[in-house]
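Asks: Protein chains in written order, with this note's numbering: chain A, 3 to 274; chain B, 509 to 910; chain C, 12 to 270.
Simulated from the structure, these hints should not be mistaken for laboratory data. A portion of the hints provided could be inaccurate.
What the hints assert, rightly or not - With a straight-line Cα cutoff of 25 Å, these simulated DSS-like cross-link-like pairs (lysine-lysine) come out: (1) C:K52 / B:K564; (2) B:K684 / A:K45; (3) B:K564 / B:K775; (4) B:K647 / B:K665; (5) C:K46 / B:K623; (6) B:K684 / B:K665; (7) C:K155 / C:K88; (8) B:K665 / B:K829; (9) B:K579 / C:K155; (10) C:K52 / B:K601; (11) A:K162 / A:K83; (12) B:K618 / B:K601; (13) B:K647 / B:K844; (14) B:K684 / A:K121; (15) C:K88 / B:K564; (16) C:K155 / A:K162.
The primary structure of each chain is shown beneath.
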Amino acid sequence: MKKRIVLSPYLMWSVFFIISPLSLIFLFAFTNVDGNFTVSNLKNVFIYSDVFLASVWLGIISTAICLFAGYPLAYCVSRTKPRIQKILITLIAMPMWMNLLLKTYAWVTILEDNGLINKLISFFGIERLTMMNTPGAVIFGMVYSFVTYMILPIYSVLIKTDKNIIEAAQDLGANQREIFFKITLPLSVPGIISGISMVFIPSVSTFVFSRMLGGGTNLLIADIIDMQFLGSAYNPRLGSAISLVLMALVFIFMGIINSFDENKAEKTMIAL
Amino acid sequence: MTKLSRNKIFIIFFSLVLLLLFFLVKNKYITPSNESNQVTINVYNWGNHISDGSSKYLNVNAEFERRTGIKVNYTTYQDNESLYTKIMSSGTKYDVIVPSDYMVAKFIEKNMLKKLDFKKIPNASTIDEEFLNPSYDVKNEYSVPYTWGVVGIFYNKNLVDEAPEDIDWDILWNPKYKGRIMMFENSPRDVFGISLMKLGLSINTKNPKELEMAAVEMAKQKPLIKGYVSDQVFDKIGIGEAALAPYYTDAYIVTSGVENVGLVIPKSSTNMFVNALCIPENSNHPEEAMEYINFICDIEIATENIKHVGYCTPQRAVREKLNPLVSQNKELYPDKEVLAKSHVYENLPDEVNSLMNDLWLKTRVSGNESSQKFIFVFSMLFLIYISLLVFKIIKKRKENCT
Amino acid sequence: MLIFLYLPIAILIIFSFNSSKSRALWSGFTLDWYKMLFSDKEILEAIQNTLIVASVASILSTIIGTAAAIGILKLKKWPQKIVMGITNLPMVNPEIVTAISFMLLFMFVQKTTGLLEQGIFTLILSHTTFCLPYVILSVLPRLKQINFNTYEAALDLGCTPLMAFWEIILRDIGPGVITGALMAFTLSIDDFVVSYFTSGATQTLSISIYSMSRRSISPEINALSTILFSLILILLLIVNSREGKEKKEKKQINKSSSM
């Protein structure tokens, strides 16, 4: 009887604020203004298929960069002494606590045509680069903001690796490379997977970077959704349909990525 | 973890919360709240559209609060359409809003504005008569003009070598300035408007063919564009981020002492705008809102305000008080002949608006080369996935065999 | 890598002392922006709103979430799976989808009943909701380690259930609860997307930074970020040094306490 009492506020809360809002998205996506059932909203989503492709593309690139930059870093950190490890991880995690918009704004001042980088390289007589308002800048913003989400789960899996296995392998004559590819890497798959999902999902569904660093020339899914709800193309029904497709995309992605890992990535999310 | 450490973290956390609470309470004390039931009005205005104390001029909202005891919750939006959709979709109850001409007409059409009681806004009598009974509010019942201006082309004098008299809309299509042109996009209508004016068509056209022609122009222009921005134009031109950008004429270029920025009113034709103070139908405090509007129209206050905002004033008495460099400037306060060639946006039917939106989105989305690359990479990833799956199955079978 | 991570923050800090408004040229030292920050009512109010929302949402979500975690642990297998699935939804869902779902909900409720005008109240509701899973997920692992026999024993020895809960269970899950609460607090302060869609006319810090960035940002914001950053730095340093001391005492490494 006690479990009912402690659980009931949460159950009520989740019915009100998790389930009913999501059902409203379904409701809006499948009805027209008169409240009748329709699939035309979903059909109209295909007008934006290019935007979807572009967003997923940017998401994949930034996830890949995060992985290839984050993994070696997490690996190096996990090899250092526990004391230094602690300091390094705190240092890596700290920028995560800063306001995302502030950090992105700081990059604007660094990357723009008369920003710090261009000031610096023009000092050396190199012609200035156009970095702002390009897809590159958007990817850059994503990588900067989300790379920590890649490093931390990988790191937390790596330090839990049983040292005995590695020592056993060494005793059996395995070299460093073999140890890495045959033991460390396979064992860190859960960390990689939760890292990938923690980077990819926010990357495909953000509009902060495309607005602030992309100059509005690189529209992403989230921009389109925003336009349907608070922007010039006011149409919440189409916006709901787009969100529904985005949601479906994310769940398919999660399904695929989780199938790589029998132990489910959630565990490492909890470990965080 | 031991009990000791837990307590310590507890203490740190709670002391932090206490600190925050102290901060909050302190803040409450700073803002005088002598009246027991203080009224707060929600004012929703364009960005950079009021004197907020960030320059040497009067902080208008603070002064209003000081004089009346009414609190102002001041927030900003970037474009007319966001204003409209915010009210439509969030149901937020604002008390004073500042839509532009065609949006005022749209609000009136949808019965979303309150009729103003001009007895309570005596200062509205100082508005010049050419701004009374405008096309968007024919009977002058719902709106009080706040600022006006025309759309001009701003350019960086160091980066643009054309003579000012040669600058017209088509310079924004000149490949010479590739990557150095910024378009302002407060609304799709702004972008369409400029393309339509370049083609010599009416900015209020309802003809789908003409709109499509404009969309073709926009597509041609897109590769040259550095970015579609709203209020950052000055910021970017002043520091040389962009060479050319159409924007609302603003006294900032005269008063700020920025020498490298020039302004041209295109001779062919241009767009004139009026931003007007209105009260939404669902306002909770219409009386206080009218008091606010009246306060804004006060000559002294309006002068301070316009000096900061930089757009043109619809009040002659205010204009006379401005720096002659501003009030006599032909670009800022154009002659009658120029104004005769400029057009105000009219409210368009919903289907024209949605056609415009569709065309605009298509233009912005098009020309993305990434989709082909994407399909390639995606198929590669898919192949890898399949092969991994196959690999796994084979491995499992082998394990089962042994 | 660390340089890459800290470069923008360093830039923000350096230019908060810059005497001109320029974002790329250094023209002298000043503290004016700090003075302006503390007299800018709009920003102060935004900070105030942000803190109110963050503290109320984190307290609410900690209480509901901790209770829920205890309940979830005692559920049978299938109900547990379903509830956990629902809990994970807001975490897996893209933030913008969560945000617009809230917006639709508040809009819908307002149209049908006239209640829930968007403002600080709706902000608290939505923030509490997206913080809940994080609280639950940080409390659950600790709960699993608890031996409930102690709790039963306390009851047998005459403790009231509430006292037994307070003395036994909360003592053991305390660190998890605190981690959850801190996480909720920072998530709420940092949040932009959900606030953007559910704030109505209320300004929070993220929203005012966003609307400023669409015009031109005043260096006051640099000053603000310097203050925020130093606060975080101090907090983390305190927590770390305390933990370090303890470890020396206990000579035992406890991994789960690392944030």
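Asks: Run every hint past the structure and note whether it holds.
Replies: Okay, the hints, checked on the actual structure:
1. C:K52 / B:K564: The given pair, whose Cα atoms are some 16 Å apart, holds under the 25 Å limit.
2. B:K684 / A:K45: Distance of about 41 Å is beyond 25 Å: violated.
3. B:K564 / B:K775: Status violated; Cα separation ~35 Å.
4. B:K647 / B:K665: At roughly 44 Å apart (the allowed maximum being 25 Å), K665 of chain B and K647 of chain B break the hint.
5. C:K46 / B:K623: violated (42 Å)
6. B:K684 / B:K665: Answer holds: K684 of chain B to K665 of chain B is near 15 Å, not above 25 Å.
7. C:K155 / C:K88: Cα-Cα ~14 Å, so holds.
8. B:K665 / B:K829: violated (30 Å)
9. B:K579 / C:K155: violated (51 Å)
10. C:K52 / B:K601: It holds: about 22 Å lies between the C-alpha atoms, which stays within 25 Å.
11. A:K162 / A:K83: holds (14 Å)
12. B:K618 / B:K601: holds (16 Å)
13. B:K647 / B:K844: Holds - the C-alpha atoms of K844 of chain B and K647 of chain B are around 24 Å apart, at most 25 Å.
14. B:K684 / A:K121: With Cα atoms ~24 Å apart, K684 of chain B and K121 of chain A stay inside 25 Å; holds.
15. C:K88 / B:K564: violated (67 Å)
16. C:K155 / A:K162: holds (19 Å)
When the structure is compared with the earlier hints, violations turn up for hints 2, 3, 4, 5, 8, 9 and 15 and for no others.
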